[in-house]
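Student: Chain residues, written in single-letter form:
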Amino acid sequence: MAKEKIKVLIAKPGLDGHDRGAKVIARGLIEAGMEVVYTGLRNTPEDIVRAAIQEDVDVIGMSILSGAHNHLFKSVMELLKKENFEDVLVIAGGIIPEEDHEYLTELGIDGIFTPGTPIQKIVDFIEERAK
Amino acid sequence: MQSLQEMIEGIKAGEEKHIARAISLIENDRDKGFALLKELYGSAEISYLVGITGPPGSGKSTLTDKIVLHWRKQGLKVAIIAIDPTSQFSGGALLGDRIRMDNVAADKGVFIRSMGTRGTLGGLNPAIYDTVLLLSYAGYDYILIETVGVGQNEVDIVDLADTTLVVTVPEAGDDIQTFKAGLMEVGDIFVLNKSDRPSVIKMELTLEQMVRLTHKEGEKWTIPIVKTTATENKGIAELVEKINDHKEYLQNDGQLKENRHEVMRRQLINLMEERVLAKIIKPIENSEHFSEKLKAIRDLSEDPYTAAEELLKNRLPE
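Protein chains in written order, with my numbering: chain E, 39 to 169; chain C, 11 to 328.
One chain only, chain E, in its complex shape:
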């Protein structure tokens, strides 16, 4: 049996329409042999958490470029807690200033990957930490 397949949800919470980064990440993860559920633009935190539960993903990856990351990630993390679905790796990407990293880590975000991160680094991070 090959190693267990890793399933990842890639989502764009909030209102910004910049999904190229999310798509590039999705592509990279697929090439690394993962199954990627892509939910498209403008997801609410509720959409994201419900999709993560139904799809029973190992990883949630969210991309935000609008600046609303602190607010939206907080909602997602609270909902995950409320739904008792916390055994999932949560990673974030997009335009996230250094000064917010500490706050997001405290919320429970496991990894933050800003522009310029090599995809292999994200693949390695997921393969090491998921499951």
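Any given hint might turn out to be false.
Stated by the list, open to error - Listed next, the in silico DSS-like pairs over lysine-lysine satisfying Cα-Cα at most 30 Å (straight line): (1) Lys257/C with Lys119/E; (2) Lys42/C with Lys257/C; (3) Lys257/C with Lys237/C; (4) Lys48/C with Lys22/C; (5) Lys112/E with Lys118/C; (6) Lys43/E with Lys237/C.
Unchecked claim - Computed list of chain E residues with no C-beta within reach of chain C, every gap over 10 Å: (7) His56; (8) Ala64; (9) Glu69; (10) Val74; (11) Val75; (12) Gly78; (13) Asp85; (14) Ser104; (15) Glu137; (16) His139; (17) Tyr141; (18) Asp148; (19) Thr152; (20) Asp162; (21) Glu165.
What the hints assert, rightly or not - Some, not all, of what chain C presents toward chain E, calculated at C-beta under 10 Å: (22) Glu37; (23) Thr96; (24) Asp107; (25) Arg110; (26) Asn113; (27) Ala116; (28) Gly119; (29) Arg123; (30) Gly126; (31) Leu143; (32) Pro208; (33) Val210.
FYI, nobody ran anything at the bench for these hints, they're computed from the structure. Each residue gets a CB set at the ideal place from its N, CA and C atoms; glycine is no exception.
Got chain E sorted already, so can you dock chain C onto it with the hints?
Tutor: The following block gives chain C in isolation, referenced to the frame of chain E:
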């Protein structure tokens, strides 16, 4: 991790988290999944299964969204299995059908699960039918399987369905010949989507001709052609009506039982094949003996026919 009993209770109560986790077991940890299904087997009727297939971009996901919305208005609970192809090269898959199902994604009466085809050795993902059973026991009235109609795997998947919708678009007129032999043969209903486009008349004629040509003497069901514009919710009520007609036809004719019996027969064979593959062939594949034989075949000192016989020696009756 929940206990088996806890999961079974959860599934019967329709709790999404338990259902979702159970599908993961069915996909990834087959023996545990089987343990669950053994307990659940027969606890409810198998739900009515609608397959929807067609070329990429023909509007399957949007149609699914609209059909499900229609069923929801009738108070029915619906599960969607959205299947996308797994890459033969990386084993990865982009599961992107949820994007177009945003009308029903937030509805508590709808459960959506995306799956990769994951075909092992060219076969179809055996987890799909098991998932259908599981969702039936979780209390969904209808199960809709959506898949891209490009190859044999997809035709096999749709073969499981009680009613199969084949979706096509006006622009597909020129290559109608190419999918005649495969896709069009599995359809119980043809859906001509994007029918607001000008070339719709030509395509409708082509389809009508084909239905007439392929209709066999004495066959009670004539494949209807339903024109839809899914994005504008046009033709959906008629389509749902045709699905009901087909369901009624199958039930009255005793066909439903017969078809499902055939699906069961194939499923039983698939399950046996899966066991033989896992318990006999896989261990041989991983053995030293297999590598030696492979090398001998490459070096032309042995032929693959003798090698296959020898590798299976003492494992199979003579």
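Student: State for each hint whether it applies.
Tutor: Taking the hints in turn, this is what the structure says about them:
no. : hint                   : result
1   : Lys257/C with Lys119/E : 43 Å, violated
2   : Lys42/C with Lys257/C  : 34 Å, violated
3   : Lys257/C with Lys237/C : 19 Å, holds
4   : Lys48/C with Lys22/C   : 14 Å, holds
5   : Lys112/E with Lys118/C : 23 Å, holds
6   : Lys43/E with Lys237/C  : 40 Å, violated
7   : His56                  : 16 Å, holds
8   : Ala64                  : 6 Å, violated
9   : Glu69                  : 5 Å, violated
10  : Val74                  : 6 Å, violated
11  : Val75                  : 4 Å, violated
12  : Gly78                  : 4 Å, violated
13  : Asp85                  : 6 Å, violated
14  : Ser104                 : 19 Å, holds
15  : Glu137                 : 33 Å, holds
16  : His139                 : 29 Å, holds
17  : Tyr141                 : 28 Å, holds
18  : Asp148                 : 20 Å, holds
19  : Thr152                 : 24 Å, holds
20  : Asp162                 : 16 Å, holds
21  : Glu165                 : 13 Å, holds
22  : Glu37                  : 8 Å, holds
23  : Thr96                  : 8 Å, holds
24  : Asp107                 : 9 Å, holds
25  : Arg110                 : 8 Å, holds
26  : Asn113                 : 12 Å, violated
27  : Ala116                 : 6 Å, holds
28  : Gly119                 : 13 Å, violated
29  : Arg123                 : 6 Å, holds
30  : Gly126                 : 5 Å, holds
31  : Leu143                 : 17 Å, violated
32  : Pro208                 : 29 Å, violated
33  : Val210                 : 28 Å, violated
Checked against the numbered hints above, the structure breaks hints 1, 2, 6, 8, 9, 10, 11, 12, 13, 26, 28, 31, 32 and 33 and satisfies the rest.
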